[in-house]
Structure formats: structure tokens, C-alpha cells
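K.L.:
So the sequence shown is numbered by our numbering: it starts at 1 and just counts up by one.
Fair warning: there could be bad hints in the mix.
Derived lysine-lysine pairs resembling DSSO-like cross-links, with alpha carbons at most 27 Å apart [unchecked claim]: (1) Lys48 - Lys83; (2) Lys37 - Lys48; (3) Lys37 - Lys83; (4) Lys83 - Lys30.
Please keep in mind that the hints were generated in silico from the structure rather than gathered at the bench.
These numbers were taken from a predicted model, which means no experiment stands behind them.
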Amino acid sequence: MANGWESKSVEDQQITQQEQIRTQEVVDEKERLGRLKAEELRQIQALKLTRARICEQIARTSNERYTLLLNTELQQIDGELAKLV
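Given these sequences and hints, build the entire structure.
P.N.:
And the structure:
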């Protein structure tokens with residue numbers, strides 16, 4: 001009879017350990033996703049700041065070639081923002 005109780009206890013411990021491992025995996029995945037989301041938000045913010053700077057430069061310049069270059073950069077940034085948002 002003692003062996004039956006011991007094996008049941010071991011089984012319960014194994015189940016508990018498996019549940020703890022699964023719980024930790026879920027927590028790790030949430031943390032990873034949180035870090036990815038934070039990085040994505042930083043990228044979006046950086047692109048928006050760059051976009052604002054380029055728009056300001058376009059408004060200030062009278063050089064047509066420079067304006068074309070800035071417009072090309074602006075299109076690239078808008079494309080990257082579209083991918084992220």
C-alpha cells in the first residue's frame with residue numbers, strides 16, 4: 001500500500017513540475033512579445049521623427065534636385081511606416 005501512495009505523490013510532483021514549466025514558457029513568450037512590441041514602437045517613432053525632419057527640409061529648400069532626393073527618402077519612409085503600422 002505504501003508504494004501506491006509514493007507513486008501517486010511522484011506523479012503529482014511530475015504534473016506540478018510540468019505545469020510550472022508550461023507557465024514559465026507562457027510568461028517567457030509574453031515577455032518576448034512585449035520586447036518585440038516595444039522595439040516596433042521605437043522604430044515607428046524614429047521613422048516619424050525622420051519623416052518630420054525631411055518634411056521640414058522640403059519646406060525650406062529651393063533646390064529642385066535636393067527636393068527630389070528628399071521626396072524619394074520620404075516615399076521610402078512612408079513605405080516602411082506602412083509595413084509597421
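K.L.:
All the hints need checking, so say for each whether the structure fits it.
P.N.:
Hints versus structure:
no.: 1; hint: Lys48 - Lys83; result: holds, 13 Å
no.: 2; hint: Lys37 - Lys48; result: holds, 16 Å
no.: 3; hint: Lys37 - Lys83; result: holds, 14 Å
no.: 4; hint: Lys83 - Lys30; result: holds, 23 Å
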